[in-house]
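Participant: Residues per chain are reported as follows:
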Amino acid sequence: MSPIVQGILTIIIGVGGCIGYFYASNILLDRVIFPPKTDDQGRNIRRATMVRPWLFLLPAILALGLYLVYPVVGSFLRSLYNRSGNEFVGFGNYVQMFAEHGFRVALFNNFLWVVFVPAGATFFGLLVAQLTDRLKWGNIAKSLIFMPMAISFVGASLIWKFVYAADPDIGIINAIRDYFGAAPVDPMQIPFWNNFFIMFIMVWMQTGFAMVILSAALRGIPEETIEAAIIDGANPFQIFFRIKVPQIAGTIVVVWTTITFLTLKVFDIVYTMTGGNFDTEILPSYMMDYMFRDDGRATAVAFVIMVIVTPVMIWNIRQARREL
Amino acid sequence: MADLKLSDVGKTYGGTVEVLKHIDLDIEAGELIVFVGPSGCGKSTLLRMIAGLEKITAGTLEIDGQKVNDVPPAQRGIAMVFQSYALYPHMTVRDNMAFALQIAKKSKEEITASVERAAKMLQLEPYLDRLPKALSGGQRQRVAIGRAIVRDPKVYLFDEPLSNLDAALRVATRIEIAQLKEAMPDRTMIYVTHDQVEAMTLADRIVVLANKGIAQVGAPLELYETPKSEFVAQFIGSPAMNLLPGEITGTGTRTKVKLAGGGTAVSDVPSTEADLGLKVNVGIRPEDFTIAQQAALYRGKVEMTEALGEVTLLHFAADEGAKEPVIAKLPGIHKGLRGDEVGLAADPSKVHLFAEGTSLLYR
Ligand SMILES: Nc1ncnc2c1ncn2[C@@H]1O[C@H](COP(=O)(O)OP(=O)(O)OP(=O)(O)O)[C@@H](O)[C@H]1O
Ligand SMILES: [Mg+2]
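Protein chains in written order, with our numbering: chain A, 1008 to 1331; chain B, 2 to 364.
Careful, some of the hints might be misleading.
25 Å max Cα-Cα, derived DSS-like pairs, lysine-lysine [unchecked claim]: (1) B:259 with B:302; (2) A:1251 with B:213; (3) B:229 with B:182; (4) A:1251 with B:134; (5) B:330 with B:351; (6) B:6 with B:106; (7) B:182 with B:121; (8) B:213 with B:229; (9) B:107 with A:1251; (10) B:351 with A:1251; (11) B:56 with A:1143; (12) B:6 with B:22; (13) B:106 with B:121; (14) B:182 with B:155; (15) B:302 with B:68.
Sample of chain A residues at the chain B side, in silico, Cβ under 8 Å [said to hold, decoys possible]: (16) 1225; (17) 1229; (18) 1231; (19) 1232; (20) 1235; (21) 1239; (22) 1241; (23) 1243; (24) 1254.
FYI, nobody ran anything at the bench for these hints, they're computed from the structure.
Yeah, the Cβ is synthetic: ideal placement off N, Cα and C, and Gly gets one too.
Work the whole structure out from these sequences, hints included.
Facilitator: Okay, here's the thing in structure tokens:
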């Protein structure tokens, strides 16, 4: 069978199947399970109404279960086996991992990332959103700041590789140092601080995201509350921190947590910048090091990441829901 | 305690859009002034210029004898109550009221005392620890007023404070504001409203704004009884004053006018011989008409009646040469007038005369 026919057939079966499913399941619900004909008509209609949303949700729940829950369980089980997957080792992978220096460095670095990247991006985003609010050329500034969002992590990293390049003819940092007569350094090899240089790339990329959301939130603040504060004698700083920021606190939390779990997933930047060398490893890049070499270890790391991300995510969804 | 003086004040937006010009107004300390005028005439703009939220682009504003054009709002000794309440949504009622004092770095005891005093005055004590969203509209407006009181300003500014409330609450809050004013006789208040009843009942003096300027300033009844222009005459009072075109045929301490519709009106407004033949509009308020079989100045067919119980409105066809239909407001209930030919008369003391829009009284 030619692929085109196959494709068309798939679409027909898929879409037709969906329509058929909703149609048939509704008939089943209304005619067979809770028919409104019998004596307790009202009660049956009410019951059918209660069941119907679940009927519609069922396919989605099944699909999500298949693609999300099963992999989680599967990964967890895999992390309990050895490297080749034929021997049950219990929590052996976890024990080994936590004992290892490399993992602990990655965990600590990841901690730094989670603290500084969302804080930095949210802070700069809020700053830009506030400063550009009343400017004529504010929208141009915003577009420029938003642009890095459209670049892939690898692309952005390549750009910054040039910025950080040790050769004064290429890297701007060393060009400046060179101008003042200082010897070139490789920022990627300065222990501890190299983490921050790499993190800055992520901040640079996420500031645009924070700015767009927070700018919209700032515009949503009723103008009168600000005028009332002006009459009450508040200066611009007090207005910003005591009137504006508290009113968009919910949005700030959503932005913060969204960037947090984006940060917990990113591995490409570290991978491109240093390949995890010079003690810049973070959990996702550490996981990638083991992937395909030792799947037991890799899935164990994946599971640790998931455990860290989940509470942030729950908080994020809660806040986002309250905002909407 | 504070008098305001506006001299030749004007406002131009963006250098081209002129909204107000040549506003001259003296407000005495302790007065309650009400700004009224058609929508978009610049009432809010003028109020916001006094508050300092809007730049004064021409003329000077003095508060207590001091020019304050460039003084920031907080130092002008004013407080403002907004139509939308403008409460800080993230602060409790207590913090909302305390905010200005906290900014002014007042002591804790002083803040607590001021807030409690205001809360007591406005019966807000049970709600001090609630957030604004947990309050009703009337309660929110009281908090907004409380926020103003706490600062103990010399001048209170209100921009349509009651227009978001329902009718019953509006009456109750209006009375509260009147009582508030009575409790603070030395505080000046400026109040913007659309509502005639609010204007008439609250004001010491009403300022009617129109055509970028002040149409008339005066005590409520002064505006009602001796309006300066057709505009003010029709703006104050509801339904609006009837205007019937005519020509002066007799002068002296009383003026006689032959109406285009055929009748003759007599007014207590004096005129000189030079006025003979002058084209005028005769203004008569609907409530000043009485039914008269003889000596009627207007005669017409009742096209429609509106019975409101306490009064009955009779709508007639527009008089010859007049733009609007004639309306009469009779006290009590009158049934079965519809379709009848009815004659209307008015006491000469209630008959106004306008030439080219201006009252003959103010020539
Ligand atoms: N920023 C602005 N730029 C240009 N024109 C403005 C601006 N703000 C207000 N205006 C104009 O100024 C005029 C007066 O506005 P203002 O809000 O003072 O009217 P108002 O008398 O309070 O009306 P309302 O009774 O509807 O509240 C309006 O015609 C409005 O279009
Ligand atoms: Mg207004």
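Participant: Now, for every hint given, state plainly whether the structure supports it.
Facilitator: For each hint, the structure was consulted:
1. B:259 with B:302: Answer holds: residue 259 (chain B) to residue 302 (chain B) is near 20 Å, not above 25 Å.
2. A:1251 with B:213: violated, 35 Å
3. B:229 with B:182: Not OK: residue 229 (chain B) and residue 182 (chain B) at ~28 Å, beyond 25 Å, violated.
4. A:1251 with B:134: holds, 17 Å
5. B:330 with B:351: Holds - the C-alpha atoms of residue 351 (chain B) and residue 330 (chain B) are around 14 Å apart, at most 25 Å.
6. B:6 with B:106: violated, 30 Å
7. B:182 with B:121: Status holds; Cα separation ~16 Å.
8. B:213 with B:229: The hint holds at about 17 Å.
9. B:107 with A:1251: holds, 23 Å
10. B:351 with A:1251: With Cα atoms ~57 Å apart, residue 351 (chain B) and residue 1251 (chain A) exceed 25 Å; violated.
11. B:56 with A:1143: holds, 20 Å
12. B:6 with B:22: holds, 15 Å
13. B:106 with B:121: Cα-Cα ~23 Å, so holds.
14. B:182 with B:155: holds, 12 Å
15. B:302 with B:68: Not satisfied, since the Cα-Cα distance of roughly 59 Å exceeds 25 Å.
16. 1225: Violated. Min distance 14 Å.
17. 1229: holds, 7 Å
18. 1231: holds, 3 Å
19. 1232: holds, 5 Å
20. 1235: Constraint on residue 1235 (chain A) satisfied, holds at 4 Å.
21. 1239: This hint holds: residue 1239 (chain A) lies near chain B, its Cβ roughly 4 Å from the closest one there, short of 8 Å.
22. 1241: OK, holds: residue 1241 (chain A) within 8 Å of chain B, min 5 Å.
23. 1243: violated, 11 Å
24. 1254: Holds, because the Cβ-Cβ distance from residue 1254 (chain A) to chain B comes to roughly 6 Å (cut-off 8 Å).
When the structure is compared with the earlier hints, violations turn up for hints 2, 3, 6, 10, 15, 16 and 23 and for no others.
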